[in-house]
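Produce the complete structure using the sequences and hints provided.
Residues in the sequence shown are numbered from 12 upward in steps of one, following this note's numbering.
Derived by calculation from the structure, the hints in this document are not laboratory data. Even for Gly, the Cβ is constructed at its ideal location relative to N, Cα and C. Keep in mind that the hints are not guaranteed to be accurate.
Computed beta-carbon distance windows for the label pairs [as the list claims (entries may be wrong)]:
#  : residue 1 : residue 2 : range
1  : Gly-148   : Val-56    : 49 to 59 Å
2  : Val-36    : Thr-62    : 30 to 40 Å
3  : Glu-30    : Gln-54    : 31 to 41 Å
4  : Met-91    : Lys-154   : 42 to 52 Å
5  : Gly-141   : Thr-62    : 22 to 32 Å
6  : Gln-54    : Ile-18    : 44 to 54 Å
7  : Gly-20    : Gln-54    : 46 to 56 Å
8  : Thr-62    : Arg-152   : 58 to 68 Å
9  : Met-105   : Gly-127   : 15 to 25 Å
10 : Ala-143   : Asp-76    : 13 to 23 Å
11 : Met-105   : Gly-141   : 34 to 44 Å
12 : Arg-71    : Gly-148   : 24 to 34 Å
13 : Gly-141   : Lys-53    : 34 to 44 Å
14 : Leu-68    : Val-103   : 40 to 50 Å
Result set (DSSO-like, lysine-lysine): computed pairs, CA atoms no more than 27 Å apart in a straight line [to be verified]:
#  : residue 1 : residue 2
15 : Lys-66    : Lys-53
16 : Lys-154   : Lys-101
17 : Lys-53    : Lys-41
18 : Lys-77    : Lys-66
19 : Lys-101   : Lys-132
20 : Lys-154   : Lys-132
21 : Lys-128   : Lys-154
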Amino acid sequence: MATNGRIDGLNTIVNSRFETLVTNVNTANKQMLERQTIIDEKQNVQISQNTTDIKNLGHRVNDLDKSLSGGIASSVAFAMMPTITEAGVKMVSMGTGYYNGQSAVSVGFTGTDESGKYSFKFGSSYSTAGDATFGAGVGFRWK
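Below, the structure written as structure tokens:
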């Protein structure tokens, strides 16, 4: 019986320590799950913010592309305005341009002085991107 008493006592100690170990493991698992839940929530918020930022960046790039295309169309419209080279002549001119889905129209005034040595040109354009541009130039000729 003494042997059985020792074994029973040893079993009680082992069972008690095993139950403590199981409790500690369960507590650690619960804490890890809670921490993982917090991490997941923070990551979800960050992913959502990143997704929003990427969408906003995409809109900004599209707006920039539209604006740049409008500027190029305006440049083409300016370039298409005829220029006077005859001395003493003045002219009102118009031009139009198109680039990458954007159109522009320009109106300008150009001319030369009576000697033909000096010429000038100025005008403005407006694109379908909603941008207005203005420009002017002066030229001096000699032999």
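Do the hints match the structure? See the list:
1. Gly-148 <-> Val-56: 49 to 59 Å: Since the Cβ atoms of Gly-148 and Val-56 sit about 55 Å apart, the hinted range of 49 to 59 Å holds.
2. Val-36 <-> Thr-62: 30 to 40 Å: Once the Cβ atoms are compared, 38 Å apart, the range 30 to 40 Å for Thr-62 and Val-36 holds.
3. Glu-30 <-> Gln-54: 31 to 41 Å: holds (36 Å)
4. Met-91 <-> Lys-154: 42 to 52 Å: Since the Cβ atoms of Met-91 and Lys-154 sit about 29 Å apart, the hinted range of 42 to 52 Å is violated.
5. Gly-141 <-> Thr-62: 22 to 32 Å: The hinted range 22 to 32 Å holds for Gly-141 and Thr-62, with Cβ atoms some 29 Å apart.
6. Gln-54 <-> Ile-18: 44 to 54 Å: Distance hint for Gln-54, Ile-18 holds at roughly 52 Å.
7. Gly-20 <-> Gln-54: 46 to 56 Å: holds (51 Å)
8. Thr-62 <-> Arg-152: 58 to 68 Å: holds (60 Å)
9. Met-105 <-> Gly-127: 15 to 25 Å: Taking Cβ atoms as reference, Met-105 and Gly-127 lie about 24 Å apart, which means the hint holds.
10. Ala-143 <-> Asp-76: 13 to 23 Å: holds (19 Å)
11. Met-105 <-> Gly-141: 34 to 44 Å: Given range 34 to 44 Å: violated, Cβ gap about 20 Å.
12. Arg-71 <-> Gly-148: 24 to 34 Å: holds (33 Å)
13. Gly-141 <-> Lys-53: 34 to 44 Å: Given about 41 Å between the Cβ atoms, the range holds.
14. Leu-68 <-> Val-103: 40 to 50 Å: Since Leu-68 and Val-103 have Cβ atoms about 43 Å apart, the given range 40 to 50 Å holds.
15. Lys-66 <-> Lys-53: This hinted pair holds, its Cα atoms lying about 20 Å apart.
16. Lys-154 <-> Lys-101: holds (22 Å)
17. Lys-53 <-> Lys-41: holds (19 Å)
18. Lys-77 <-> Lys-66: holds (17 Å)
19. Lys-101 <-> Lys-132: holds (10 Å)
20. Lys-154 <-> Lys-132: Holds. Lys-154 to Lys-132 sits at ~21 Å (cutoff 27 Å).
21. Lys-128 <-> Lys-154: Distance ~10 Å between Lys-128 and Lys-154 Cα, so the pair holds.
Consistency with the previously given hints fails for numbers 4 and 11, ordered from lowest to highest.
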